[in-house]
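This is what each chain is made of:
There are 2 protein chains.
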Amino acid sequence: MKAGYIQFTPQLNQVENNIKRLHKYIDDQINPDQVDLLVLPELALTGYSYPDKQSLGKVSSEKYNKLTVDTARKIAAQINGMVVIGYPEYTEDGFYNSSLLVASDKTIGKYRKTHLFGFESEVYLPGNLGFNVFETRLGKIGMMICFDWFFPEAARTLALKGAQLIAHPTNLVMPYCQRAMFARSLENQVYTISANRCGRDNWKGVLVFSGESIIYIPKGEVLSKAPVTGEHHDFIEIDLQKATNKNINSVNHIFNDRRPEFYF
Amino acid sequence: MKAGYIQFTPQLNQVENNIKRLHKYIDDQINPDQVDLLVLPELALTGYSYPDKQSLGKVSSEKYNKLTVDTARKIAAQINGMVVIGYPEYTEDGFYNSSLLVASDKTIGKYRKTHLFGFESEVYLPGNLGFNVFETRLGKIGMMICFDWFFPEAARTLALKGAQLIAHPTNLVMPYCQRAMFARSLENQVYTISANRCGRDNWKGVLVFSGESIIYIPKGEVLSKAPVTGEHHDFIEIDLQKATNKNINSVNHIFNDRRPEFYF
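For the record, the sequence lines run as chains A and B.
Those letters in the first sequence? Residues 1 to 264, by the numbering used here.
Those letters in the second sequence? Residues 265 to 528, by the numbering used here.
In short, the hints are calculated from the structure, not lab data.
By construction, the Cβ of each residue, glycine as well, lies at the ideal position given by its N, Cα and C atoms.
Hints are supplied without guarantee of correctness; some may be wrong.
Claimed, not checked - As a list, the in silico EDC-like pairs of lysine to aspartate or glutamate whose alpha-carbon atoms are at most 20 Å apart:
| no. | chain 1 | residue 1 | chain 2 | residue 2 |
| --- | --- | --- | --- | --- |
| 1 | A | 219 | A | 257 |
| 2 | B | 425 | A | 261 |
| 3 | A | 161 | B | 525 |
| 4 | A | 242 | A | 135 |
| 5 | B | 374 | A | 135 |
| 6 | A | 225 | A | 257 |
| 7 | A | 2 | A | 33 |
| 8 | A | 140 | A | 122 |
| 9 | B | 510 | B | 485 |
| 10 | A | 110 | B | 485 |
| 11 | A | 2 | A | 239 |
| 12 | B | 404 | B | 503 |
Unchecked claim - Among chain B residues calculated to face chain A with C-beta under 10 Å, some are:
| no. | residue |
| --- | --- |
| 13 | 398 |
| 14 | 419 |
| 15 | 440 |
To be verified - Which chain A residues face chain B? A few, computed with CB under 7 Å, are given here:
| no. | residue |
| --- | --- |
| 16 | 114 |
| 17 | 115 |
| 18 | 257 |
| 19 | 264 |
Throw the hints in and build the complete structure from the sequences for me.
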């Protein structure tokens, strides 16, 4: 199967226009036959910098939840595949920084960001769903969002639960993640697709996102890296069996070799 | 304080000569005032490739345990500091791939390699001491050995137990570790010193060690990297307070932000 990302640049407060631009990008630039799994950034349709619940409430509601699902399903239908998309989820309890795994006819899985970054905790509730793996016709897919990368336990938990591929929508501002995902893919022998945004939000000065969306294969090799700036996409051939075999040589099996009795 | 490594090249079966060469290297090349903590490689005095217990038994016994301790203490006295050294530990139950943290007048800590690599499990018992942190006058020091790096739980456990610096004797043959230690230092906000060996053992063909001993600071920056080949040493100024503060910004504390209820 072929999987990859679109490094997209949503504009704050312009959800409908962002959706229009995303559809146009896909129509113009993507061959639907060349992609089975498409990972989009964190908060892909709204932009990132909503400093308080009031401002976030203008782009997060039941209506916008539905709009996100509809948009993702439409794209999934277009590529005859699946889409991972980040969005600010509205619930009666409050907002979550969430992502969905969507097919054309259904929502397969939802994830709520477990480790909130910076000011996000003023706006979002911490994720309460844990790290779950979804068995799909394409393979076993797990999701984590942006800052979750910093905590090795996130990718580890997904991998131990069977994830062959970690879909990782991001809105990265720190310079570390793209480099550190090397360790996440290698130590878990999984594929990772970090779909970052680029561009900037004019918020508390200017917040600049770091682009360089990146795909690692289980051996830690980079198979795709987007530029720092500019919208971009890439899809690569993925053999999920490579993420199933946890033997790294004739002796060592990286999961069976674990010794949890000595771990915190 | 100043801490660092000697990238040394022991010769198989020539323990006494290796000790002589190591002392000469230190006498000739190292200013004792410039080092407080010296990390030596895994199996620093014996070499690596003993394919069975019989051959290992020729360099691992009570006599050699004592020789290792005496050598490390002598060096510790010379630098008026502490030494971490890897050695094949002899016990009545069998051999361990171990390391010691030694001062001039005492052994402060011992570690036994938890995750054995490749053929090692035919020769060594898996470590049974867990990951422990030793409070010393220099700071809180933890040890892990070589392949332990692959398991994020190793460095994580040491850091959660308070380690400010992870001393990491290695005999690396795979090309990944030096790069992946970026993640270990960053995700735990600790100093890491990977003291690798270089050179080769003539064993089952030729086993080539990868050199590039490396020191990372808590922010993931490389402060020292040795060449691939050739003996080498480096010592850098270390401020362990930087490994005590686990805040990476005004909001996020990488330990307090953990959510173990969702981790495997």
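Does the alpha-carbon distance linking residue 140 of chain A and residue 122 of chain A stay inside the 20 Å limit?
-> 33 Å, violated
Once the shortest beta carbon distance from residue 257 of chain A to chain B is found, is it less than 7 Å?
-> 6 Å, holds
Are the Cα atoms of residue 2 of chain A and residue 33 of chain A separated by 20 Å or less?
-> 9 Å, holds
For the pair supplied as a hint, residue 425 of chain B and residue 261 of chain A, is the alpha-carbon distance within the 20 Å limit?
-> Holds, because 15 Å separates the two Cα atoms, which is no more than 20 Å.
Does the alpha-carbon distance linking residue 404 of chain B and residue 503 of chain B stay inside the 20 Å limit?
-> Holds, because 12 Å separates the two Cα atoms, which is no more than 20 Å.
Cut-off 10 Å, beta-carbon criterion: hint that residue 398 of chain B touches chain A | Violated - the Cβ of residue 398 of chain B stays beyond 10 Å from chain A, reaching only about 16 Å at its closest.
Classify the hint on residue 419 of chain B as holds or violated, based on whether any CB of chain A lies nearer than 10 Å to its CB.
-> With Cβ-Cβ at 9 Å, under 10 Å, it holds.
Would you mind confirming whether the straight-line C-alpha gap from residue 219 of chain A to residue 257 of chain A stays at or under 20 Å?
-> 17 Å, holds
CA of residue 110 of chain A to CA of residue 485 of chain B, is that 20 Å or under?
-> Violated, at roughly 35 Å.
Proposed proximity, residue 239 of chain A with residue 2 of chain A (alpha carbon, max 20 Å) = Holds - the C-alpha atoms of residue 239 of chain A and residue 2 of chain A are around 9 Å apart, at most 20 Å.
Given hint residue 115 of chain A near chain B, where the shortest CB pair must fall under 7 Å | Given a least distance of 6 Å, the restraint on residue 115 of chain A holds.
Holds or violated: residue 225 of chain A to residue 257 of chain A, with C-alpha atoms at most 20 Å apart = 32 Å, violated
The structure does not agree with the numbered hints 5, 6, 8, 10, 13 stated previously, though it agrees with the rest.
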